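Peer 1: Those protein sequences? They're chains A and B, same order as listed. Just so you know, my numbering puts 227 at position 222 of the first sequence, and the rest follows in order with no gaps. Just so you know, my numbering puts 92 at position 87 of the second sequence, and the rest follows in order with no gaps.
Calculated from the structure, these hints are not laboratory results. Here the structure is a predicted model, which is why all the values come from computation and not from measurement. Incorrect hints may appear among the rest.
[What the hints assert, rightly or not] Using 20 Å as the maximum straight-line C-alpha spacing, the simulated PhoX-like pairs for lysine-lysine come out as follows:
1) LYS27/A / LYS14/A
2) LYS54/A / LYS178/B
3) LYS178/B / LYS75/A
4) LYS43/B / LYS88/A
[What the hints assert, rightly or not] Quick partial rundown of chain A residues pointing at chain B, CB under 8 Å, derived from the structure:
5) LEU59
6) ILE81
7) TYR83
8) ASP93
9) MET96
10) LEU104
11) GLY108
12) ARG110
13) PHE111
14) GLY112
Using N, Cα and C, we set each Cβ at its ideal position, and we do this for glycine too.
One letter stands for each residue in the lines below.
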Amino acid sequence: MVTQNISIKNATLKLNNKALFKKLNLEIAPGEFIAILGPNGAGKTSFLKMLLGLYGLSAGNIEILGKSPKNTLAEIGYIPQQKAFDRDLPMRGRNLVELGVNGGRFGISALSDEENQHINKAIEEVRATCFANRPIGQLSGGEQQRLRIAQAIVNNPKILLCDEPLLSLDLNSQQIVAQLINQQRQYGTSVLFVTHEINPVLPYADRVLYLVDGNWAIGTPAEIMTSKKLSQLFKSPVDVLNLHGRLIVVNASEHAEAEVQCAHHQHQKSNQEMV
Amino acid sequence: MDNFLLYLSQSFVQNALLATLLVAIICGLISPFVVMRKMSFAVHGTSELAFTGAAAGLLIANQALIGAFGGAVVVAALISLLGTNERNRDSTIGVILAFGLGLGVLLLSFYKGFATQATNILFGNIYGISGIQLAILLLVGVIVFAAILAIYRPLLFSSLDPEVATAKGIPVKTLGLAFLFILAITVTEAAQIVGTLLVLSLAITPAVAAQYISSKPISVTVLSVAFAVIAGIGGVLLSLIFDNIKPSVFITFISFGIYILVRLIASVKSASSAK
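Just chain A, same shape as in the assembly (with noise of 0.2 Å):
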């Protein structure tokens, strides 16, 4: 049998006593890429948060690796949103990613030259090597993402959390970082990605982890991705169209389009795509 990376029991988290999710079953593999999706507030940043050990659960039990939440946090890699930075913050691109080896550590100590070899190949990894040196703050959004994959995995983390890391990215950029933290799977990393949209992460997700209202449904995308797997989870119609290999989902019914179009407006998204 293969050992599992995370294994999730019967969990239940309930924050401001609002049920997330209720009796959530979830055994993710190394090298195992989930993507989590759900609308806003169905609790896909509270899942990674949990796993981080800064929520608890009211019932039910978490193992990462064979241990609690609070003691795997070495093992774990963590990708924030893009968040652009102050042009003139006084910090280089290589700086941020040192803070991955270093960021933790009281006191003043350089880093060992082990450490440098390390930070040298993480950059190179995500292809950072010819802008590491510049001011971070001067950096296109998709190139500080690259530098924050890079901070995430330099001390090989078994984990990688990604909380909407493609957020406000281009497209082209979306791919590439997408495809840098794919890549991370060849090492036995697990990737669990949390995400509006599902097109750009599609090619590389074995499974779906679909939160919607205290509700959830894991399956691989062609399982969970339905029109009728979707219309369960919502409890209300849901199309999911297959255009081109890209898959979008729309609120079949006339009353929830107002309710979709005004999410929209908030995440600057195309009037079709939901989620």
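For this one, chain A is given, so just place chain B on it according to the hints.
Peer 2: Quick look at chain B alone, frame taken from chain A:
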């Protein structure tokens, strides 16, 4: 010039130079964090409230300096208690500042002795420092220095990217709180030299200037300390030559002069690199 050498041989001048050196070093150290965490208003607020602390100290125990330090700790605690998040921190400081200054004036009106000890803290009275006061300044300064070096990297990480730092298990909130106390105490020390109204010239200007000529965190910190020391010591020395003008005046002038100079250098550099 004869006067200048005569002054230098006096112990009150030597005390002043030593105290200035110490205060300049710790101000230069916290300055990059103040800029990065956008806490300029916290510097302004806590420094002005050193006046209230000094007035309370005078009234209760005839000890302005100890009162000022006690006040700094109370103010830092109030800011962290009432300011629940970073967004409303500045408005909370404004509220505390307004009330605190009123309280300071009230306390002073009860004080029967000479109020100069409290008003000194508004403009600084470096030559009035006694041996015991110098010892207190030294002790507090050394503690602050050691504390900043100890938490330097985790504080840098959590100032830059609190979300990722939290995922790495860094106690982001505790560090933020620790920094607030360090800031309040440092600013109170600096108030003894340049006065509360002019603290910004040692606690903010040096790092802002340093950022124009370097983008590495360590170099910015070193340059910031260097600029603060040049301004502080330079200001005291100039006030010995022009002995009818207060050192605070020269400190602010030198500090601002350095700022203008590095901006000129930076604009010449960027103009030549653009060619």
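Peer 1: All hints are to be evaluated individually against the structure, with a verdict given for each.
Peer 2: Status of the hints after comparison with the structure:
1. LYS27/A / LYS14/A: With a Cα-Cα distance of about 10 Å, the restraint between LYS27/A and LYS14/A holds, given a limit of 20 Å.
2. LYS54/A / LYS178/B: holds, 16 Å
3. LYS178/B / LYS75/A: holds, 17 Å
4. LYS43/B / LYS88/A: Since the Cα atoms of LYS43/B and LYS88/A sit roughly 16 Å apart, the hinted pair holds (cutoff 20 Å).
5. LEU59: holds, 7 Å
6. ILE81: Holds: closest Cβ of chain B sits about 7 Å from ILE81/A, inside 8 Å.
7. TYR83: holds, 4 Å
8. ASP93: With a closest approach of 5 Å, the ASP93/A hint holds.
9. MET96: This interface hint holds because 6 Å falls under the 8 Å limit.
10. LEU104: holds, 5 Å
11. GLY108: Interface hint status for GLY108/A: holds (4 Å vs cutoff 8 Å).
12. ARG110: Hint holds; ARG110/A Cβ to chain B Cβ min 5 Å, cut 8 Å.
13. PHE111: With a closest approach of 5 Å, the PHE111/A hint holds.
14. GLY112: Cβ of GLY112/A sits 6 Å from chain B, so the hint holds.
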